[in-house]
Every structure is written in C-alpha cells, then in structure tokens.
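**Student:** Work the whole structure out from these sequences, hints included.
Just so we're aligned, residue 1 is where the first sequence starts under the UniProt record's numbering, counting upward by one.
These are computed hints drawn from the structure, not numbers from a lab.
A couple of the hints might just be wrong.
Stated by the list, open to error - Quick list of in silico lysine-lysine cross-link-like pairs, BS3-like style, CA-CA up to 25 Å: (1) Lys251 x Lys220; (2) Lys47 x Lys155; (3) Lys276 x Lys413.
Predicted model only: the values in this text are computed from it and were never measured.
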Amino acid sequence: MESAATILHADLDAFYASVEQLLDPSLRGQPIAVGGGVVLAASYEAKAFGVHGGMPGRRARELCPGLIFVGGNFREYQRLGDAAIAVLGDFTPLVERISIDEAFADVAGCTHLFGSPEEIARKIRNRVRTELGLPISVGVARTKHLAKIASQVAKPDGIVVVDGSAEIAFLHGLPVGLMWGVGPATETRLADAGITTIGQLANANRHLLERLLGHASGEKLAALAWNRDPRRLQPHRRAHSAGAQSALGMKPARPDIYVPALRHLADRVASRLRAKSRPGRTITARVRFADLRSVTRSITLDAPISATAMITEVAEELVRGVLAQYPSERAISLLAISVSHLEEHSGLQLELPLGLADEKHRPGTRKGQARWGADRAMDAIRERFGWEAVGYASVALGHAGSVPDAFRELAEKEL
DNA sequence: TCTGGGGTCCTAGGACCC
DNA sequence: TCTGGGGTCCTAGGACCC
1 MESAATILHA DLDAFYASVE QLLDPSLRGQ PIAVGGGVVL AASYEAKAFG
51 VHGGMPGRRA RELCPGLIFV GGNFREYQRL GDAAIAVLGD FTPLVERISI
101 DEAFADVAGC THLFGSPEEI ARKIRNRVRT ELGLPISVGV ARTKHLAKIA
151 SQVAKPDGIV VVDGSAEIAF LHGLPVGLMW GVGPATETRL ADAGITTIGQ
201 LANANRHLLE RLLGHASGEK LAALAWNRDP RRLQPHRRAH SAGAQSALGM
251 KPARPDIYVP ALRHLADRVA SRLRAKSRPG RTITARVRFA DLRSVTRSIT
301 LDAPISATAM ITEVAEELVR GVLAQYPSER AISLLAISVS HLEEHSGLQL
351 ELPLGLADEK HRPGTRKGQA RWGADRAMDA IRERFGWEAV GYASVALGHA
401 GSVPDAFREL AEKEL
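**Tutor:** Set out below in structure tokens:
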C-alpha cells in the first residue's frame, strides 16, 4: 500500500546569523557573519556576496566589504535550537534531530489531531516564527531524502510539499548536487559523465554509475533518484564515536608540542565519554602536516577505555609512529583524536590499554587508581564549576583565532 | 575553493577462522 | 603443500554532512 507524504524536514534558516539578528535588531537586513578568524555562519544578506560558513574571515571581508562580524551567543543558539526542535515534539514523538538547527519528524500518527501534514508544517513555521522569532523552512514528502530536498528548495523561510503523484517530476528537474551524499567530488565526477540533473542520474546506465561511484554509492544514488529511500526515522540515535581536533597553525613536530596538545584533546574526549559512561575500544589519531596532507593511525584495544591518561598515551604512541614514518615532515598543522567502538557501561574496573600497557597501567595498581581518582575529581569539579575550572590547559594549543569551546559543544552529538 | 570542528558512511586490502 | 569460498574484524583513506 502506498504511504502518504507525512515526513517533515524542518531547517532553521541561516541559524546563528538569524539569532544574532533577533537579539540585536540593528543587525536585521545587514550582511553579518558570526565568528572572527573563521566564519561560522553568514546571514542571507552576506551569502548574497558569496560569504559562507567555514570561510576565513579575511576572505569574507574581501568579498563583502560592509560585512559585520558578531561575537556569537552560543548559549542562545543552544537554547533557541532546542526550543525550535521542541515545537516539532509538540506534534509527534517521532522526531529525529540531525543537528542543532535541523530535524525530521513523521506526523503520520497525529494528523487526526492536528490536520494534514501540510497544515502541521504551517503550524510549526508559525509557532517558531511567533514564539521564537526565527525563520524556519519545512519540506514535506513521503521519504526523508525528498523531504530534505524540499526544505532546501523552500529556503529561505518557506514551505514545499511534494505529494506522491508529483515526486518524480519534482525530483528529476533538480541538480544532482541537492542530493544527500552528492558533494563536490561526486558532482564533478558525474558532470564529467554528462550527468548534472537528478533525472539524468536516474536514467543513467547502472554499470556506469557503479564504475563512477563504487558499488554501494551507485546503487544508493540510483535508488534515491527514483525516490526509493528505505531509511526510517531514528528518534533516539546515539553517536558511534567521539573526537576532538585542533588546528595548530604551524607547529614543530616535537614531543614538547604534541604531547600537551594531545593531552588536551584526550581530556576533552575522555571527559565526555566518562560523563555518559561510554568508554571506547578504538583510538584514532590524525596528524596533518604543513602541506595539509593528513595521516591517520588507529588501534583497537581488547577492552574499552575512557581515562584521560590512557587515551593520551595511546594517541601519543600513534602519533610517534606517524612521525617516525615521515621523518622529513618538520611541522604539524593539526592534531585529532577520536574514540570509537563505544560501549555502554562504565569501565572503571576495565581500563587497560592492552598491547601498549606496561605494569604501571594495569587496573588495581596504585598508579592506575590514582589516575582514575584524578579523572573523577576533575569531572566532579567541572560538574560544579564548569569545564574551564580545572584540567590540562590549552596553553600548548594556544593559537589565536581557534574556535571557542562553546562552539565545539554545539556540534557535539548525544553520546 | 584550501579554512574550523564534530560527526557518518563506504571502500579496499589483509589477517584470521571455519 | 596447494587449492577454493565465506565471514568477520581491523586498518587507512576518502567523501560527505552540518
């Protein structure tokens, strides 16, 4: 039986910039950028000049001489983002949040209470506008993929409903770049094969697509191009990994530089893992050199860990291995640590990095327990006084223009 | 369009087991 | 000793998303 168009994708427009314009009316109608060294978000007025998120502040100023930089009220972004998603939750519990400013909802079960999906979408937009003062675009369709595309087409501040009979006509006229999973690299590859619209992709030779994009991607994109999207909503997704990274500018590849930097990164990751009792078995370290080439090394342990000192030492070992392998590289431009294979329980009694451990790291030893004690004490102090109160200072990273911790937190997923 | 940070998923080769 | 096949896990890299 044919299902109806009951999936909504709601997406706040130019979110951070819209919040700034809400908080300071003199910014309304002005080209503004949130951030400083790096543009974290741009208003539509700034986007018209080609300014966009991730762009260096200098470049943005060149493109848009009148650009106004604003500091960033991160607490407000979190609060208003949560509030907007909560509006969806007033209609249905089937909400899958994708990021701070974006979520899917399936309203199939609540149309008898609130009206058609389109009416619900209008109510959501109205409420977010009147109660929060923010513009939000909504796409309504039968699948997640199409709902997401519809909301992109609806921007700014609009609504697009794609009903079952119009799906293919709607989809096939649009550029392939709008598809979920088609980024710059894929777009270029497709364009080289003469494929620029979703319709052309849909009708392309299957073998050609698989040769171009690989087996899974080719098959997946072909299915999406015919609006065959098997993905259901996943209201309670949890993260499969947690990581932290830091651009260093250009620092010498020496232990006195990378060891404290790694400890700081490990501390950020490990305290998150401990807070949710989700230690992980696989530790990955990434080193980016001066020329922006990066190398990753990972190791999977027999038991999960979440102690700062353990993660630091494993990461150190991995980075040492990378540097030994590339002795001619004299400078590091970025370091990253990620922990994956996350498990559910707290691993207090299980912390040992097998293969790298020497006697002093084994659980039950005085040193091992002292380390755990230190972590737990730190966690407790932070609980009361905030993250900055104690810990491995970022002095070693200390490079100007790096992103504030508050912004990092906005991007963190629920563990 | 070379710039920041937190994530997800796919691929391909190799090790290892049955 | 060599041959074949299937499955799972690990590792490294890349593309993509917000």
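**Student:** Look at each hint and say if it fits the structure.
**Tutor:** Results of checking the hints against the structure:
no.: 1; hint: Lys251 x Lys220; verdict: 42 Å, violated
no.: 2; hint: Lys47 x Lys155; verdict: 13 Å, holds
no.: 3; hint: Lys276 x Lys413; verdict: 12 Å, holds
In this structure, the one hint that does not hold is number 1.
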